[in-house]
Amino acid sequence: MITVDRGPVWTLTLDRADRANALSDEMVAALHHALDEVDDARPAVLVLRGNDRHFAAGFDLGGLADETDASLALRFLRIGTLLQRLIALPCVTVAVAEGAAVGAGADLVLACDHRLVASSVTLRFPGSAFGVALGTVRRAELGDALVTGSPAGLSAALAAPRPPRAVHDADAEIAALARSVAVPGLHDRLTAFASTTLTKEPA
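Those letters in the sequence shown? Residues 526 to 728, per my numbering, in order.
Calculated directly from the structure, the hints in this document are not laboratory data.
Here the structure is a predicted model, which means the values were calculated and not measured.
Be careful, since some hints might not be right.
Said to hold, decoys possible - What follows is a set of in silico ranges between Cβ atoms, one per label pair, in the way DEER data are often shown:
#: 1; residue 1: A566; residue 2: S720; range: 37 to 47 Å
#: 2; residue 1: G710; residue 2: P533; range: 24 to 34 Å
#: 3; residue 1: A554; residue 2: T593; range: 39 to 49 Å
#: 4; residue 1: D530; residue 2: R578; range: 27 to 37 Å
#: 5; residue 1: H557; residue 2: T593; range: 17 to 27 Å
#: 6; residue 1: A595; residue 2: M526; range: 18 to 28 Å
#: 7; residue 1: H558; residue 2: G532; range: 10 to 20 Å
#: 8; residue 1: H557; residue 2: A654; range: 22 to 32 Å
#: 9; residue 1: R603; residue 2: D565; range: 17 to 27 Å
The beta-carbon is built from N, C-alpha and C at its ideal position, and this holds for glycine as well.
Go ahead and model the full structure; you've got the sequences and the hints to work with.
Right, here's the structure in full:
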């Protein structure tokens, strides 16, 4: 699911190549557990990376038939909490993205203090297609670079350190996420989205 290299610099490597490092409930739980260890060990630096094809493909849409609105909402909230924990870690965080970063995977990149992103990598945020407001407050930090998709502008914005974040921003982000996933029909919206994604790529 993930591998952890410990030392003065810790590296968490997402290791689920068969699903493009999509964030399953189990992977999110493993990341939370790893952050528990980081909180205790207090390394100087934490590096988060994927593989050369995929950083992380986002929310895992596999097994939707066995999900409900409630279980999906809880999964999104766990991801939202994971992002906030990453932002609040008492160490420098660095995202290294050489492959695709989509949805919640792209949000993981934005949650880190520093982002080393290959020039070929693009960030995609399909959550609006199914009404989930994950990471929307944080994306405002990149402004027009995300809206216009300018490679030069996006590259410069990602290279800049993440601005300090006020506590109320974190609260606002979780509140917006909770409101969005509480809207009835989440399962139906995700199922419809998955059916129109021809490659069945996770969101």
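Going through the hints against the structure:
1. In this structure the supplied range 37 to 47 Å holds for A566 paired with S720, their Cβ-Cβ distance being about 43 Å.
2. At about 48 Å, the beta-carbon gap between G710 and P533 misses the expected band of 24 to 34 Å.
3. Here the CB-CB span from A554 to T593 is close to 19 Å, at odds with the stated 39 to 49 Å.
4. Between D530 and R578 the C-beta distance comes to about 20 Å, which lies outside the given range of 27 to 37 Å.
5. For the pair H557 and T593, the supplied restraint of 17 to 27 Å holds, since their beta-carbon distance comes to about 22 Å.
6. Under the hint 18 to 28 Å, the C-beta atoms of A595 and M526, about 24 Å apart, fit the expected range.
7. Our hint of 10 to 20 Å for H558 and G532 holds, since their Cβ atoms are close to 18 Å apart.
8. For the pair H557 and A654, the supplied restraint of 22 to 32 Å holds, since their beta-carbon distance comes to about 26 Å.
9. For the pair R603 and D565, the supplied restraint of 17 to 27 Å holds, since their beta-carbon distance comes to about 20 Å.
Hints 2, 3 and 4, counting from the list given before, are not met by this structure.
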